[in-house]
Structures are given as structure tokens and as C-alpha cells.
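Chemist: Heads up: the protein sequence lines correspond to chains A and B, in order.
Residue numbers in the first sequence follow my numbering, run continuously in steps of one, and reach 148 at the last position.
Residue numbers in the second sequence follow my numbering, run continuously in steps of one, and reach 93 at the last position.
Don't read these hints as lab results, they were simulated from the structure.
Heads up, a few of these hints could be off.
Claimed, not checked - Here are the simulated DSS-like cross-link-like pairs (lysine-lysine), alpha carbons at most 30 Å apart as the crow flies:
#1 K20/B / K60/A
#2 K60/A / K47/B
#3 K20/B / K56/A
#4 K9/B / K122/A
#5 K82/B / K47/B
#6 K20/B / K121/A
What the hints assert, rightly or not - Ranges of calculated distance between the beta carbons of each label pair, as one might list FRET restraints:
#7 E46/A / D34/B: 34 to 44 Å
#8 G24/B / R99/A: 47 to 57 Å
#9 D31/B / S145/A: 53 to 63 Å
#10 K47/B / H98/A: 47 to 57 Å
#11 E87/A / D34/B: 30 to 40 Å
#12 G35/B / S19/A: 49 to 59 Å
#13 D59/B / D39/A: 22 to 32 Å
#14 M125/A / G24/B: 20 to 30 Å
#15 L74/B / R99/A: 35 to 45 Å
#16 Q100/A / D55/B: 48 to 58 Å
#17 D75/B / E134/A: 21 to 31 Å
Positions of the beta carbon are idealized from the N, C-alpha and C atoms, including for glycine.
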Amino acid sequence: MIKIRILEDDFDAGSEISQLAGLGGGAVASFVGQVRGDGSLSALELEHYPAMTEKALRKIADSADQKWDLHGVTVIHRIGRLQLGEQIVLACTCSDHRQAAIEACSYIMDQLKTVAPFWKKEIMQDGTENWVEERQSDIDAASSWDH
Amino acid sequence: MSKQLNIVYFAWVKERLGRDHDIVDCPDGIGTIGELLEYLKDKEAVYRDVFSDTERLRFALDQDFVRLDATFDAAKELAIFPPVTGG
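The shape of chain A in the complex, shown without the other chains:
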């Protein structure tokens, strides 16, 4: 079962993880990304490409489901303005085995960072705004799954 959600509102990570765990299997892995309080950051603004976002996330989840033996995948990503400490993203996987669940969860996050159409803008405490640039380490992490 693959569940994809794009939300402005916050989500209950515990409840999402429990729902996925309820599908059976002995291993559930999850990752929650939050807005990091870096220096003078005040908030993040998350923009996305509505017509493409769900399609791109579903493609990533389908690909994980093919690579590993999974009972279910949940991917939730928020959009709009997020304050320091708020949750941005949840990736959760459920499998019979620990390694499959953890690897699939890690794969989903690495792919999400390079092929899901979201863009982060940093809103600084002094009111200035910067679009976040892509990082080579994210590109390398995503391509490391190719071989």
C-alpha cells in the first residue's frame, strides 16, 4: 500500500507510523525532516509544482516497492510557510525485515531530494529571502543507489 500526501497542515508522525505498522511485517523504518534552526533563519517557505508533485513522489515510492519487499510506504511532504522546528517531511516503510525497511526509507529520502518538485526559500530574521541551492552531496547520495 502506497500513501502519498501533500499538506499545508502538520501531520501526526506517530499515527502515520502506527497505521503502516498495522499492515503487518516485523520492521518499520521512518524518517522525519524538520526545519533546522540554522543561524539567523526565521522560517522556510515551501513551493511545489502541484500537477507533478504527487506523480513524482508516487514514482519514487513505486520504485522503492520494486527494489525491496515492502508491505507499505507512506510519504508526506508539507508546503507553505513552516516555522523553526516544524515537521517538513515523513518517509515511512514497512517490511518483514529491518534492512529492507531502513534501506527503502533512506532511498526514498535520497530520491525525494533530487527529483520531487519542491523548492525551499529561506526567510531570514532580518526579512531577507534566499532560494536554497541544490547540494552536490544530495545528488551524490541519490545516484549512489544506481549501482
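Based on these hints, arrange chain B on the given structure of chain A.
Modeler: Relative to the frame of chain A, chain B by itself:
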């Protein structure tokens, strides 16, 4: 016969162009995204500015990632945006 294409923009591409989309009549002879960008750059200074460095741009045709040399074929929507930074 010219072909109509909806072009949508996101993030700083949208901000610097000052609009979120354009509907463009692609003349005959323009079949790839690269050719379309050159055509637009000839038309307006703002395109020359925003599309000057295609290394900083990413493209999707009908919501699938493609490269600069991709052909439109029957696509209806081209998206132009910076590298993604979600997660």
C-alpha cells in the same frame, strides 16, 4: 502550423520572470526545449536574463523530467524551474 505550449515557472524562475506561466505559439522548426529557449531569448530581454545559464535550470514535459535537448512532440505543458530542494 504553429503549436501552442503552456509554459509554467517555479521558484526563482517565476520570481525573476514576474509571472507564473506563458502560453507560447512555437513556430515551425522549433522542436526541442533548447530551441524554444533560444527563440524566447530573441523575443524578450527578461528571457535572455533568466534563461542565460541553462545549467541552473531543470525541465519537465507533461510533468516528467526531461533534458534540454528533449523534443516536445505532443506535450501540452513545459515546466521550467531551478534544481529541486525539497525534503
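Chemist: Would you mind marking each hint as holding or not holding in the structure?
Modeler: Each hint tested on the structure:
For the hint linking K20/B to K60/A, the alpha-carbon distance of about 26 Å falls within 30 Å, and the restraint holds. Straight-line distance between C-alpha atoms of K60/A and K47/B comes to about 34 Å, which puts the hinted pair past the 30 Å bound. Simply put, K20/B and K56/A have alpha-carbon atoms about 22 Å apart, close enough for the 30 Å limit, and the pair holds. Simply put, K9/B and K122/A have alpha-carbon atoms about 34 Å apart, too far for the 30 Å limit, and the pair is violated.
Using a Cα cut-off of 30 Å, the hinted pair K82/B and K47/B holds, with the two alpha carbons roughly 21 Å apart. Our distance criterion of 30 Å between C-alpha atoms is met by K20/B and K121/A, whose separation comes to about 14 Å. Taken as a hint, the range 34 to 44 Å holds for the pair E46/A and D34/B, whose Cβ atoms sit roughly 41 Å apart. Against the hinted window of 47 to 57 Å, the Cβ-Cβ separation of G24/B and R99/A comes to about 51 Å, which satisfies the hint.
The given range of 53 to 63 Å is broken by D31/B and S145/A, whose C-beta atoms sit roughly 43 Å from each other. A hinted range of 47 to 57 Å for the beta carbons of K47/B and H98/A is consistent with their spacing of about 53 Å. Between E87/A and D34/B the C-beta distance comes to about 50 Å, which lies outside the given range of 30 to 40 Å. Under the hint 49 to 59 Å, the C-beta atoms of G35/B and S19/A, about 58 Å apart, fit the expected range.
Between D59/B and D39/A the beta carbons are some 27 Å apart, a value that agrees with the proposed interval 22 to 32 Å. At roughly 23 Å, the beta-carbon separation of M125/A and G24/B lies within the given 20 to 30 Å, and the hint holds. For the hinted restraint 35 to 45 Å between L74/B and R99/A, the CB-CB distance of approximately 42 Å keeps it satisfied. In this structure the hint that Q100/A and D55/B lie 48 to 58 Å apart at CB holds, the actual value being about 49 Å.
Judged by the Cβ atoms, the range 21 to 31 Å given for D75/B and E134/A holds: they are separated by roughly 24 Å.
In this structure, the earlier hints numbered 2, 4, 9 and 11 are contradicted, and the remaining ones agree with it.
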